[in-house]
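Make a model of the complete structure from these sequences and hints.
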Amino acid sequence: MKQKYKKRRMKDYVGLLYISPFIIGFLIFQLYPFISSIIYSFTDFTMIKKPDFVGFSNYINMFTKDRDFWNSVKVTFKYVLMAVPMKLIFALFIAMVLNMKLKSINFFRTIYYLPSILGGSVAVAVMWRFLFMYDGLVNNFLGVFNIPPISWLGNPDISLYTIGLLAVWQFGSSMVLFLAGLKQIPENLYEASAIDGASKVKQFFVITLPMLTPIILFNMVMQTISAFQEFTGAFVITNGGPMKSTYLYGMMLYDNAFVHFKMGYASAQSWILFFIIVTITAILLKSSKRWAYYEDGGDF
Amino acid sequence: MSMKKKNKKLIVRIIAFVFLSLLGIFMTYPLLWLISSSFKENSEIFKSLSLIPQKIVMNSYSEGWKGIGQFGYSTFFGNTFKLVIPITFFTVISSTIVGYGFARFTFPFKKFFFSVMLAGLMLPSSVIIIPRYLLFNRFGWLDSYLPFIVPAMFATNAFFIFMMVQFFRGIPKELDEAGIIDGCNSLQILTRILLPLCKPAIFSAMLFQFIWAWSDFFSPLIYINSVKKYPLSLALRMMLDLGEQAQWNQIMAMSVLSIVPPVILFFTAQKYFVEGISTSGLKG
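Respectively, the protein sequence lines represent chains A and B. Under the working numbering, the residues of the first sequence are numbered 2 to 301, in order. Under the working numbering, the residues of the second sequence are numbered 3 to 286, in order.
Only true hints are included.
Straight-line alpha carbon distances no greater than 30 Å define the calculated DSSO-like cross-link-like pairs of lysine-lysine that follow:
#1 B/K11 x A/K102
#2 B/K8 x A/K203
#3 A/K184 x B/K7
#4 A/K102 x B/K6
#5 B/K231 x A/K263
#6 B/K8 x A/K104
#7 B/K201 x A/K104
#8 B/K11 x A/K203
#9 B/K113 x A/K290
#10 A/K287 x A/K203
#11 B/K7 x A/K102
#12 B/K175 x B/K273
#13 B/K8 x A/K102
#14 A/K184 x A/K287
#15 B/K273 x A/K104
#16 A/K290 x B/K112
#17 A/K104 x B/K7
Honestly, the hints are just simulated from the structure, not real lab data.
Structure follows, in structure tokens:
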């Protein structure tokens, strides 16, 4: 009995040993920064002088005096609400077309997936900037159809959409997930409903969409989280302009923290972003109990 | 099936095929245009839609390669490899070890640590960037590659741990038990029995980490100051900022070169990418 107990203790120790890199990494590179970020957010730390506690004044200033803050919140919400649904709807649509069992499906999947792989790179942002310049390829193409050139990057009403389009162009990774989900829907569900006389459209709403809801939820959560933190595209393509129309929250954080070195203030702003993202994720997950379908009734 | 129905099905397939082809052209045209523009003269780049240059120039590559100031693209490519290879190497090793621990052992607080790891997949990282920067500043690690390499040693990217855990779970435990009977200890079970079976998962993890680290822009932007240590992403952005109109084709040429390694990897190993995101069920 005692022997067995000892053996069990030994095994416990072994498991912990294997995950110890993770525990150490978590404590140093995640938990410690997480906690100190809360503390910094209540100070006026600027790297040059020693931090003093300033209470809630970072938060109060942000909400009452900082016009950039409200602008960035607005711009970022607009970006997320545009880029995420467009990307997911497009990804789902293409996945369904690809699922028609065409012979060339692998070829197309590869082609469509490529932009996702290159996605966040500066090279692609550079390309986007050249494509949408006033005399760039896109306006040249429109000119063929006698459409007058559009100021894609210079017009503050349009520029954010141009950045959002870059996110939609990278629909490939969501598409691959949808495609994997579509393949798992049992064929006999469709056969049975066809015998009952269901149309293709009805099948989509009664079978396909409900069966895909877990993957839709998953995609929605992950894409929303990353869209709220988008940085590279807006930074390289428009640098937040014109007239701060693409000044996303991530860019504002970067400027405050690493250009102006207002570390305390930027920490407070990062906590507001954190709060927004966690709230929206929680709403998505909570509401999903009503619309996401799980065969085993399991949790996300 | 009636003849009419068969015909209808064929027509739908043809429409789908045409649609997919057009979309494919639409999606890849920008990349092809980038490549072709890098061989065009500057005056031609914004004048035609054509992919075929009127006059092919190569000096955009030779001139662009010289880079900015005293540092050329041989330096920037070298830096990128110096950054990406250790990150990839250590991420794969640490994630495999940690994934093995989670998948095969019971230990106190296992559920807690596993939840912490899963939460790490979803927690927005922007909230920890500033204190991390201050921490690395205190360590004296700024303007070096340590802020990238050391966290990789400690499996800080939960995506790869999760991927390995999922893969280990798919391998029957009987194999481990056979190993125990043969007198293997737990480390030998991992290295002799499980690792050879894990090759596809390890390969997927390597590819994803390589490509993500290769095109990462934000982290180098905050941690690296001196041009001498710039990876490609920072060099390209600097070139774009300093560049005058005259250097457009050079910027495009260097952009093309910077995506060659990820594109080659993607096309030669695309099976592993698709498997990687489908099996782990995570983003790419």
